[in-house]
Structure formats: structure tokens, C-alpha cells
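J.: Below, each chain spelled out in residue letters.
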Amino acid sequence: SQTIHQWPATLVQPVGSPLSLECTVEGTSNPNLYWYRQAAGRGLQLLFYSVGIGQISSEVPQNLSASRPQDRQFILSSKKLLLSDSGFYLCAWSLGGGFTPPQETQYFGPGTRLLVL
Amino acid sequence: AQKVTQAQTEISVVEKEDVTLDCVYETRDTTYYLFWYKQPPSGELVFLIRRNSFDEQNEISGRYSWNFQKSTSSFNFTITASQVVDSAVYFCALRPAAGGTSYGKLTFGQGTILTVHP
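Those protein sequence lines, which keep their order, are chains A and B. Start counting the first sequence at 1; every next residue gets the next number (my numbering). Start counting the second sequence at 1; every next residue gets the next number (my numbering).
If you are wondering where the hints come from, they were derived from the structure by calculation, not from laboratory data. The beta-carbon is built from N, C-alpha and C at its ideal position, and this holds for glycine as well. Certain hints may be false.
Unchecked claim - Away from chain A, derived, C-beta distances all over 12 Å, residues of chain B:
no., residue
1, D22
2, E26
3, T27
4, F68
5, N76
6, V89
7, L106
8, Q110
To be verified - Each pair of labels, with its calculated beta carbon distance range:
no., chain 1, residue 1, chain 2, residue 2, range
9, B, T31, A, G16, 40 to 50 Å
10, B, I113, A, Q2, 20 to 30 Å
11, B, T20, A, H5, 30 to 40 Å
12, A, Q45, B, A7, 34 to 44 Å
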């Protein structure tokens, strides 16, 4: 079965510091990967998605970037955090493999709570 | 553009009551998928159901049931005989079936906070 991991679980960072959140998926190959942000416990916003290694699509211009150095690893980064970057970051995966099965469902990881002070 | 509206911000019920969570969506796509996710206090989103736009059959899974009505663009979720463990935030979401610029994009509603009191 497939599992998705995220770390760290919680993070408190000062404004202006760098950020690196990691997401890994086990039990599947070439998944589609997604980063979402949830602010104030409501409403999820898609930040980035990736259909393969090195292939990143950005949905919202922002202070963040994403990378996919390995097939099942997805990293969310920032060079300088802003107060507005605080939130709950969720990584998700869905079946990929170069095509999208018509019944793709996204499965979410446990999330990382980020507080920027 | 896609939009999902969950008009009920918060619902509070007493255990064993039935409760319905409303979801109304807007899309120009002719084929699409609808989802419900549960977010317990731990934060992880738990997948509950996926429904194809071309399949309007309602579905029941234990105490959960879903009513999909394409004519009114609604995909409502009913919990029968609610329990305290049902307390969570519930999200309705929409995704186009085809690719293109909307590839993989799940559009979420703002969520409904359900509190079930003992």
C-alpha cells in the first residue's frame, strides 16, 4: 500500500529565514505530487504540482518554490520567509506514470504546521 | 473557472442526530469529479468519496450517504446517527476530468466545521 510522509510536523521560524519542507511517497512509482497551503484552518490552496522529476508547475506567484529531485520526493522551499507564509502545508499524491487515469484521487499527507514569527 | 461553495460554516448537532452538509459547485467542464474529504483535529485530510459527473447514482457507505444532483450542481453529504468521532472539518472539492490548464487541480470549498456533542 502507498504511504505519504511529511516532515517536520511543526516548525517555528523567524521572518527572513529559509525554509525546506519535505514530502516523500512510498509504494508507488512516478506519482503526481502536489503542495497545498491551508491558512487559518480553512480553504486549501494549490501551490505547486509535479508530474515527474524536475517538472514543476506553479499555481500562485509567491515567496515559495518547489523541487522534485527524486521520483517520490517533493520539496517546498523559501529563501526568506514572510509572516504571510504561516499556515498548514499539505503534500498530496495521485497516480501518475506519464498519464492521468480518469479516476485520479489525491491522497494527503499529515501536513506541516509552519509559524513564522 | 471552477468554484465550490459550502454555505454552512459551522454545524453543531447532538449525537445520534442526522446531519447534512451542503456542497454546490460551478464548472464549465462537461466531465468532472467531485470529492469529499474529512479533516479531523489532527489535520490530515482523509479521502471519503469520489463521484464522476456522468454517474448520478447516490451512494451509501455505512452511516455516510451522498446525494449528487447534476441539475442543481449539488453534491450533499449526509451523516446518519452522528457520533462524536464525526467531529471534523469536511471539505467538498471539484476536479476537471480532462487535462489542459486545469490538470490535476482540485478546487476546494471553504469547509464546514461539524461538531457533534455527546
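J.: Does each hint hold? Answer for all of them.
T.: Quick rundown of the hints versus the structure:
no.: 1; hint: D22; verdict: 16 Å, holds
no.: 2; hint: E26; verdict: 16 Å, holds
no.: 3; hint: T27; verdict: 16 Å, holds
no.: 4; hint: F68; verdict: 15 Å, holds
no.: 5; hint: N76; verdict: 19 Å, holds
no.: 6; hint: V89; verdict: 7 Å, violated
no.: 7; hint: L106; verdict: 6 Å, violated
no.: 8; hint: Q110; verdict: 5 Å, violated
no.: 9; hint: B:T31 x A:G16: 40 to 50 Å; verdict: 46 Å, holds
no.: 10; hint: B:I113 x A:Q2: 20 to 30 Å; verdict: 29 Å, holds
no.: 11; hint: B:T20 x A:H5: 30 to 40 Å; verdict: 35 Å, holds
no.: 12; hint: A:Q45 x B:A7: 34 to 44 Å; verdict: 20 Å, violated
Hint compliance for this structure: hints 6, 7, 8 and 12 are not met, and every other hint is.
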